[in-house]
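Participant: Sequence:
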Amino acid sequence: MALQTKLASLLKFSITLLLLGSSLLMANRTANDELISKILQAADLRNANAPEIQSGLISNQITVQKQAILALGRIGDPKTIKSLSAFLYSPQPEIRALTAYALAISENNRAVPFLINRLKTEKSANVIAEILPAIGLLGPSDDSPDIIAVILRYLDDESKQVVSASCDALTYA
Numbered sequence: 077m078a079l080q081t082k083l084a085s086l087l088k089f090s091i092t093l094l095l096l097g098s099s100l101l102m103a104n105r106t107a108n109d110e111l112i113s114k115i116l117q118a119a120d121l122r123n124a125n126a127p128e129i130q131s132g133l134i135s136n137q138i139t140v141q142k143q144a145i146l147a148l149g150r151i152g153d154p155k156t157i158k159s160l161s162a163f164l165y166s167p168q169p170e171i172r173a174l175t176a177y178a179l180a181i182s183e184n185n186r187a188v189p190f191l192i193n194r195l196k197t198e199k200s201a202n203v204i205a206e207i208l209p210a211i212g213l214l215g216p217s218d219d220s221p222d223i224i225a226v227i228l229r230y231l232d233d234e235s236k237q238v239v240s241a242s243c244d245a246l247t248y249a
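Everything in the sequence shown is counted per the working numbering, starting at 77 for the first residue and increasing by one.
Hints are computed from structural coordinates only; laboratory data are not their basis. A portion of the hints provided could be inaccurate.
Quick list of in silico lysine-lysine cross-link-like pairs, DSSO-like style, CA-CA up to 30 Å [said to hold, decoys possible]:
| # | residue 1 | residue 2 |
| --- | --- | --- |
| 1 | K114 | K155 |
| 2 | K158 | K199 |
| 3 | K155 | K199 |
| 4 | K196 | K236 |
| 5 | K158 | K114 |
| 6 | K196 | K158 |
| 7 | K155 | K196 |
| 8 | K236 | K199 |
When you get a sec, could you build the whole thing from the sequences and use the hints?
Facilitator: Here is the structure:
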């Protein structure tokens with residue numbers, strides 16, 4: 077009987093912990109969804125300095141951080157290119173690739189030197205395959221070397237994905 081009582085108490089405690097964990101998860105998800113919504117609104121208003129975007133950039137939630145990076149790319153404010161380019165050095169390849177894409181949609185060729193500089197040490201084929209078309213789409217800048225020469229170096233890469241991306245980049249350039 078004592079064992080049944082202990083098991084029942086343990087079961088109740090486990091259920092309570094499970095429910096508490098679910099509640100915390102839902103609260104966190106709701107907070108993230110709300111922040112993402114505010115980030116999207118700030119992007120629609122072309123407000124690169126919105127506190128929600130700045131909070132999103134430093135968030136430890138990758139989904140929130142990705143939305144903030146994309147928002148800055150969509151806004152395309154030349155003042156944000158340098159701070160956005162810092163994410164090309166994220167430890168997460170997914171963030172680096174998304175940053176290259178965001179820089180491409182910013183339509184600001186001042187990002188080209190940052191992208192070319194990142195290519196020098198980038199190892200991830202996925203990231204390189206995102207950087208190359210971004211360089212081609214943005215075109216040359218006053219501060220960048222010949223982008224065609226940069227892109228041509230990747231035509232014989234061992235990764236088919238990188239070769240394909242370099243072909244795309246040449247088409248855009």
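Participant: Next, verify each hint and record whether it holds.
Facilitator: So, going through the hints one by one against the coordinates:
no.: 1; hint: K114 with K155; verdict: 21 Å, holds
no.: 2; hint: K158 with K199; verdict: 22 Å, holds
no.: 3; hint: K155 with K199; verdict: 28 Å, holds
no.: 4; hint: K196 with K236; verdict: 19 Å, holds
no.: 5; hint: K158 with K114; verdict: 23 Å, holds
no.: 6; hint: K196 with K158; verdict: 18 Å, holds
no.: 7; hint: K155 with K196; verdict: 24 Å, holds
no.: 8; hint: K236 with K199; verdict: 14 Å, holds
Against the hints set out earlier in the document, no violation occurs for any number.
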